[in-house]
Each structure stands twice: as structure tokens, then as C-alpha cells.
Amino acid sequence: MSLGYYFLLPVIFSFLTPYFKKLGSFTLRGSTILLMLILFLQTLAYTGVTLPQISEFSLKPPLGIAFILDGYSLLFLLIFTFSALIVSFYMVWFFKANKGRDEARFYVFFNMLIAGSIGMILSCDIFNLYIFFEITGICSYALSAYNKDKLGLESGIKYLIIGLIASIFIVFAIMLIYLQIGTVNLGLIAQRFGQIDPKISVLIVLMLFIGFGTKAELFPMNFWAPDIYQGSMASVNGLFSSVVAKAYLFVFFHLFYLFGLNSKYMLFVMVIGAITFLVSEFTALNQTNIKRLFAYSTLGQLGILFMALSTNSSATVSGALFHLTSHSISKLLIFLALGILIHKFKSAKIDILGNFKSGFLTIVLAIGFLSILGIPPFSGFVGKILILKGFALTQNYAAIAFILLVSIVEAVYFFRLTAMMLDKKRTKISVPIGFANYVVLSVLAVLIVLFGVYPSLLTHYTDLATNALLHPTNYLNYALGVGL
Amino acid sequence: MNSIFLLLNLLPILFLYQFEGALHVSLPLTNEFTLSLIQTPLGSFFAYLSLISFLLVTIAQKSKKLSFSYYALQFLLSLAMLAIVLAGDFITFFIGWEIMTWSSYFIISKSNNMNIKSLQKYILFSLASAFSLIAGIVIAYSFANSFDFVAISNSFESMPFNIKVALIVLFSLSFFTKAGVIGLHYWVVDTYSKAPDLFSSILSAVMSKMGIYGLFLIYGNIIGYHELKIMFGTMLNGTDFGYVLAWIGVATSIIATFKAITQDEVKKLLAYSSIAQLGYIVAVIGFGTSYGVAGAMYHTLIHTIIKLLLFINVAAIVAQTGKNKFSELGGLIYRTPVSFVMLLIGIIGLAGMPPLGGFASKFMMYNAAIDTKFALILIGMLFSGAASFLYCYKLVYGIYLGHPTSKSLESTKEVSIHYLIPQIILALLLVLTGAFPGAFIKVINPILKEFSLSTIGYDGLGVMQSAVGNFNGFFIISAFVVIFLLILLLIWRIKSKAKNNLNRFDISYCGEVPTADTSLHYGYGFGTELYRIKFVNAILKRSSSHFYESLATQTKKTSELFSRMYYGNIHNTMIIILLFFSALFFLGVN
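Chains V and X supply the protein sequences, listed in that same order. Heads up, the first sequence is in our numbering, so the first residue is 1 and it goes up one at a time. Heads up, the second sequence is in our numbering, so the first residue is 1 and it goes up one at a time.
Honestly, the hints are just simulated from the structure, not real lab data. Each hint should be verified, as a subset may be incorrect.
In silico DSS-like pairs for lysine-lysine, Cα to Cα no more than 27 Å straight-line [said to hold, decoys possible]:
#, chain 1, residue 1, chain 2, residue 2
1, V, 425, X, 64
2, X, 373, V, 424
3, X, 62, V, 425
4, V, 424, X, 64
5, V, 357, X, 117
6, V, 424, X, 325
7, V, 357, X, 64
8, X, 556, V, 424
9, X, 65, V, 424
10, V, 357, X, 110
11, V, 428, X, 325
12, X, 64, V, 349
Per the computed footprint, the stretches of chain X lying under chain V, defined by three or more beta-carbons under 8 Å from a beta-carbon of chain V, are [what the hints assert, rightly or not]:
#, stretch
13, 200-209
14, 557-568
Glycine is no exception: its CB is placed at the ideal position from the N, C-alpha and C atoms.
Start from the sequences and build out the full structure, keeping to the hints where you can.
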């Protein structure tokens, strides 16, 4: 299968949605599950082939446009398609529980969101990348405003405005690159980036940094993010946290290493990541709305990832990619589980949500919390220890101390939630979960435990991804069309 | 349920016994991590200690209806501790350490007395301890390129001095927190007193010992007492390092002893006593001499036995009467005589009075202090040892002697047999450890060899040798038994025909007639007079809680400050992004 179908299939399904809707909600839900299953299975199939893989359209690169799948994008592709599959299963329960919602409107944007995110990580020229960036953005605005209530509309509008600002920066950066180098092919840009006048190159880098940094929720460009999370549905939050934010992060570091910016801007990105981590975790302590709280937690984890991914040391980067995968799974689990509670209690106030009674939800949420905190034997632990080990190998003890100290702050609110769940004095209300959710949440929880006790399953892919990210020679050759 | 988990708890013991010290498993986790389990003499000692404790507590738990998840978590906890003491590398050690943290957290949360604040206190201190540990681990890794104990131990000598000190501080902080050294003990009292009654015995007797195991592992095995001597130099017959540690331990023990005396809640008294007793162990653990290590080891064993015994005893009384304060108890001696005898044996051991094991271990520790010529340390230890008599007395008086404080206590029945079986076993162990100190030295000697220290002599099972002469435990206990029997005979001869089970108002009073609510249990409040002694008052009034509470307040303030930035005004967000861009641009271009 050509890599183009990763974009094409969701788009086709998205356009067919009105017809599926006429055939009934079963077809609509089933078709999305089928689509996501196809994409996920296809990605699994790609784990067996030699990488990178390329699919060019019309002309050969560097003149034509192409999709390239290397180790780095394979890891993200696995995460994205898996998350999408999980969410599509979850939405079956959601629409059954919330009768009368406009299902088609959700599925159109959901499919397009996945298409856009995948396009962003596969595209090998910067202009297509921008198009996918916009597609993802527009679908995100629409999805965050899906609840047509006050908060939902507010978050949609805010996301739209911020998204436009980020786009402006990126468009200008692409324009400048094109003016300087005369191409939009990533391979050619990477080759000639060093020849640009340093003052212009600083401007380009800064514009890309602001553009993608805003979308990837870096401090101080992330003041909008909690509002978006607060106004969106829990399942959409799960998508934002484990797919959309990760896609922007992917592009950020893809360009970072392709353009060879790591030596010059490493410390800068690391410090920005550290500040993001610190500020978000402290702010999360003070939250009363569970969606906001986990929005800050997501920002914090992105902060750690930015710290670790910018180091240019393969040990740390590999650890960070492991942590990223583990965080995606854990956050998806947490947001989906919270969605069940929010549906039951019709509120996102932490105090009210603590009153649920369900052994299953308590266990899966506890697994998610412990995993994000990096406590063994859950997957977050492996990621965190690999990151710390990487920092230790480069003798960066300050980073280790910083991460561990802020992690204690993080533990404060995670364990406050846990204590609230376990508190016997609360009036406990039992929560119906639904068969589909038992399956979905169990799968996620089992994966967290599995990657924790048997990390070799995942380290294989993170090592591949690290190698592809830090040494993009193969990628460049393919992007330049050498040897095709 | 109970029987199943009783059998399950037996399995690891049999498993360990099967290997007879030859256990060596490695399990690759990733390309870089290998989990390894190795059975060393030190590890075996702690492994058997914890596994047998779990077994005894499980017997006592038969009297309660506990859920499957409770037992499962407790079993997981015992396995985690097994992983800690058998670990051959730091990753295994840390995984065990963290599983211990969260499994105990979930058990503690099942208690009815628990509140969020105490739970938070417990988990945050545990995590701080774990994070300090992992920081030490990764720093050691950066020099040794391996997590293996042997590899780190080999490369320790070649590390820079400041790294060595940093490692010692980080590891010590982590293990001190678990053992509840003063200043880091903020969580201990709250947790021990609010945890499920029987689980408190595990917390105090076994979990705190994991901190002690860690200290032994670091000082004895990984760094080595010899290296500590080279690093910090010697002082008198011990090391400088040991002297500093000894003061930390002695201070812990003195302060905690005074705090224990003034407690009204039974389990709080036991918690402070636990801190004080672990203070002794910390005091002698750094001496770097055979006697120091042996004393610390001996006291570890004795303290485990005693605290299991006392906490089970108290749990039984709380279950029977529903009261957990000295001011609400009293006069139970005639109602629960077997429990009384068990507690009596326990406090004789706790106070370090001959002839039980408690004396033998204290003797060994005093002996170590004499041997190293740390006279002030010895005085401090003797002082706190003497003061501990007060809380021991309060324990037995407040619960069993005096008059019952309320009518409901008069009809108290003897506690369930499931509580008594482990207590009787533990009391016997306490007698045996007192009678056969030589047998214990036999167990200790391989550990001393592991630490490359000289072994201690023993003469048969009943006699152990020491710097100040031999100690014949068997003779002492025989003499005591003979004298005890003689006195018993005498009492029996002159025993009055007085009724034992009197009504609580069968007392002489002049003028003022007590009503049903009047407390007739006058002695429970003793300890409050200590506030009048200036030196003790200064200790009792100070508390680390101010520090930690202000830390919490500061964190909250910081959090409020940061969250003001996120008030959701989109115009300002846009302006900030633009300003940030222009600031970076001017910085970048210039």
C-alpha cells in the first residue's frame, strides 16, 4: 500500500460520512473503526519492512512531493493509529450513552484530524507539511467546539485565533526559506540551511520555534491550552494530548535535527522545556477542574520531553521517545476513564468526581497515574529512568535534580486524586461503565503494565526512531531522491 | 482467604530455603537493564526477617475479615521487600522499593482512620526518599556504566571526592527517611498510628528495616567500611563518619524517647518508640567495627520481634475494646491476662532489661561504643535507654494496670486466639534470642565477612564474646527463671483470697463520690510533668512540622502565583507570544 493512503483513506471516509449517516449509526461507527483498524494493521505491517519507505506522487523528489516513513515517523505512526483506534471504539460507547448527538459531525473531523496528523509526520516537503498542519488545526478547532455550549465555543474560538497566529509565523518562515533557498523540499533545505545568512536563519528558526512551539504548548506560548482542554470532550482531550500535541512535537524535533540546529539551540530548548515543566506542574496543584488539571499535567510532560529530546544524546532521546509513547497511552487512558465519570456526574469538578464507586475505574486510573509519575512496574518508569540515565551519562546532574524535584510536586496532585478515589468517607455513587469501555481501558492498562515489565517490546522501536532522528542521512537521501 | 494467603506467604520462605544461599538469577529487561537476584548473607538475614514477620501478621489477620485486595497487596508488598533484599543491582532494588511504596500506600488507604492529609504525608515522603535514591543511582551509574552493585562498588574508589559525598548523602537521606531519622520522621507517627492496626506492625517492624538494610548495603557492601575510613579519616577507634552518624542516631533516639513518653495514643507511643529504637541502630551502624555492625544487626532482629509483638498486642486490645488511647483504657490485667503477660515480655525486651533478647542487643551496642571509645555516644545511648523505661511503663500501666476508665472495659474478654498465637511465638523468640546470643553471632559472622570485618567469637550457643568480657545469656536466663519461680512460689504461698475482678468503684474515696463518667485511671497522663524540665521542654516543644507545613504553604503560594498567568485572556496570550518572539529575535540577532 502506498503511504499516500494514510492520508487518502481517512479523507475518503470523511467525505463519505454523510452517506454512512444515512445508512444508520451502526455503519457510521463501524466504518470509522474499520478505517482505524486498517490504518493500525497497515502500520503494524510496516514494522516488518526495511525503512525508510518512500511513496512519491507524480514526480520524483526533490521536484515532486513525497511521503517518507522512517524509524522516527514509524513510532509516531504506531502511536497515532493506535490512539485513533482506541478512541473510535470509545466513541461507540459515547454516542450510545449520549443519544441525539450529531455523530457525523464528530466523525468527519475525527477522520480528518487523523489524516492531518499522519500527513504532518510523513510529508517530506515543508509546504505540504504546512497544509497538513492547517488541516489538523482546523479539525482541532471544530472538535474542541463540538460541545456547542459556552465553554466549548470559547475553546473553539480561542484555538482558532491561536492557531492562526501560529500559522502566520510558519507561513512567514516557509516564505523566507523559499526566498533564501528556492525549494520547499526538506532534504534540500537541510542541505543548504547552513548557507543562509545567519541573521535570516535566526529569524527563520525563531518563527518556526514560535509557530510549532505555540502549537506544541511550550511556555510562555501555552496560556491558551488549558482553556481548550476545559472546553473539549474528554475523548477529544485524549486525542489532543496523545496525537495532536505529539504531532507538533514530532515536527518540531524533526526540523530541529534535520536543519542541524541542535548544537546551537540545544540549551535554549532545554531551558524552555524545563520552565514549561516547572510552571505547569506548579499550576496544576491549584486546579479544581479535572480537565484543566490534566491539561497542565500534559504541558508538564511535554516540558520533560522537550528537555530530553533536545539533548542530542541517543540514550536520552531514546528514553524520551519511550516516555512519549508511555505518556500517550497513559493520558489516553486517563482522559477516556475521566470521560466516563464526567458523563455520569455531568461535571468536571474534582470534588464531585471523587465520589464515584467502581473498582475497575479506580484500578485503571491508579495505573495511569503511577505510570505518568514514573513508578515501577509501569511503562512510565522505564521512560523516566532512561531519560535520567541519559542525563547522567552526559553528566547533566542539574537536569536530574530538577526533574526529580518537580516530579515531587507532580506527585502531590496525582496522589491527592488517588487519595480522593480511595477515600471511604465520601458518598459513593456507582458508575456504569459499558462493555466497550471495559475492553478499551483494559487494553490500555495492560499495555502500560506490559511495556513496564517487558520494555524490549518498545525499546526496539524507540531505538530505531532515535537512530533515524539523530542520524537522518537515510532520510535525507530519500528526500533528495538519491538512489531511487 | 486467610489460609490461602498464609500458604502463599510460606512459599517464598520455602523458595529461599531451597536455594541455601546459592540463589543467582538474572533477567534481561531491556538491552541495557538486567534484573538480578543474588542471595547474600546480609540479604538472607533481612529476607527471612521480613518473610517470617509477614507470616506471623497473616496469622493474626485471621481474626479480621479482610478483602482479597488487602491480602493481595500485602503479598505483593512482601515480594517487593524480597526483591529489595535479594537485589543484585540497583534497578531491581529500586523497582522493589517503589512497589513497596505504592502497595503499602494502597493498604494504608484502606484504614478507616485515614485522611487525605496523612496519606499525602506518607506518599510524598516515600517518593522523596525514592527520588533521592534514584538520583544517587543514576549518578553512580554515570561513573560505573552499570547498575550492578559489584560494578558500582568497584568503581566507587575512583570517583571524585565530591561525587562520593553526594552519593553518600543522597543514599543516606533516602534510607534515613524510611527509617524515620529525626527531621525526616514527620510522616512516621501519623502513618503508624492511622494505618490499619495490624498493618502498623508491618510498617514499624519490617518496612522501616528496609531503610536499615539500605544503610548496611551502602555503608558495608557498596562503599565498604574500609573506604569510609579512608575517605573521612579515623577518630579514636572508630571513623569520623561513624561519629557524625552516631550523633544523628543518638539525637533521634533521645528526642523520640521523650516524645514517646508524652503521647496519649497507644500507637503514637509505639511509633515514637520505633523511631527511637531505630535511632540506636543508626547510631552504631557507621562505627565500622565488628561490634558496631553486630550490635546494629542484633538490634534490628530484636526490634522487629518486639514491635511485631507490641503492635499485634495493641491491635488486639483496640479490636477488643474499640479504644486506642491510654486515657480510655486501663485495668485490663484481670480481663485479658495472657495479653498482659505478652505485653510485659515485650516491654522487658523494649527497655533492654535482662534476661531477654533486648538486653543482649543493647549490650552489644553499648559494647560497640565502649570498643570505639565514643564515650559521649555511650552516655547518650544509656540516657535514652533509661528514659525509655518511662514509656515502657506507661504502655503497661495505661492499658493493663490501674482502674478501668469506663464501664464497658469491665466486661472485656480475653482477645482472640489468632492474636495470641503470633504473640506467644514472638515472646518465645525473644526469650531464645536472650538465651542464645552465641547462635546469633553464628548468623552474623558470614555478614561480617561479607563486609570484610573481623568475626566475633562465641562459645557454644549460649555465650558471646565481646570487648568487655563474655556474655553468657543462657546462664542469666536460667538464673532468672529460677528466681522467678521462687518468687512465684512465695506469692502463691501468701496469696490473699481477695477477689481479682473487682467493680471499678470498689475503692476507698472520701467525701467526693465518683460518678459513672469520672475517670479513675489516674496514671495515664504521666509524662506531662516532663514539660517542667527545661531541657526536655525545649525538645518537646520543637517540631519539624512547622518546617514542612511552611514548605507546603510556600508551594501553594507559588502555585497560585503561577496559575494567575493562566487566566485565559486570549488578547494577552497573543501579546505575550509576540513580545516573546520579538525579545528572542533581538537577542538572537545581536
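Hints, verified against the model:
About 21 Å separates the Cα atoms of residue 425/V and residue 64/X, which keeps this hinted pair within 27 Å; it holds. Distance restraint check for residue 373/X and residue 424/V: the Cα-Cα separation of roughly 54 Å exceeds the 27 Å cut-off, and the hinted pair is therefore not satisfied. For the hint linking residue 62/X to residue 425/V, the alpha-carbon distance of about 26 Å falls within 27 Å, and the restraint holds. The straight-line distance between the Cα atoms of residue 424/V and residue 64/X is roughly 18 Å, inside the 27 Å bound, and the hint therefore holds.
The suggested pairing of residue 357/V with residue 117/X holds, with an alpha-carbon distance near 21 Å, which does not exceed 27 Å. Annotation: proposed proximity of residue 424/V to residue 325/X holds, straight-line Cα distance about 23 Å (limit 27 Å). Note on residue 357/V and residue 64/X: the hinted pairing holds, with a Cα-Cα distance of about 24 Å set against a maximum of 27 Å. Taking the CA atoms of residue 556/X and residue 424/V, the gap is near 26 Å; set against the 27 Å cutoff, the hint holds.
Pair hint residue 65/X plus residue 424/V holds up; C-alpha atoms about 17 Å apart against a cutoff of 27 Å. Proximity of residue 357/V to residue 110/X is assessed by CA-CA distance (about 14 Å); at most 27 Å being required, the pair is judged to hold. Pair hint residue 428/V plus residue 325/X does not hold up; C-alpha atoms about 31 Å apart against a cutoff of 27 Å. Distance check on the hinted pair: residue 64/X and residue 349/V sit about 37 Å apart at the alpha-carbon level, beyond 27 Å; violated.
Residue count for the stretch 200-209 of chain X with a Cβ under 8 Å from a Cβ of chain V: 0. That is fewer than the three needed, and the coverage hint is violated. Counting residues of the stretch 557-568 of chain X whose CB lies closer than 8 Å to any CB of chain V gives 8, so the stated coverage by that chain holds, three being the minimum.
Consistency note: the structure conflicts with the earlier hints numbered 2, 11, 12, 13.
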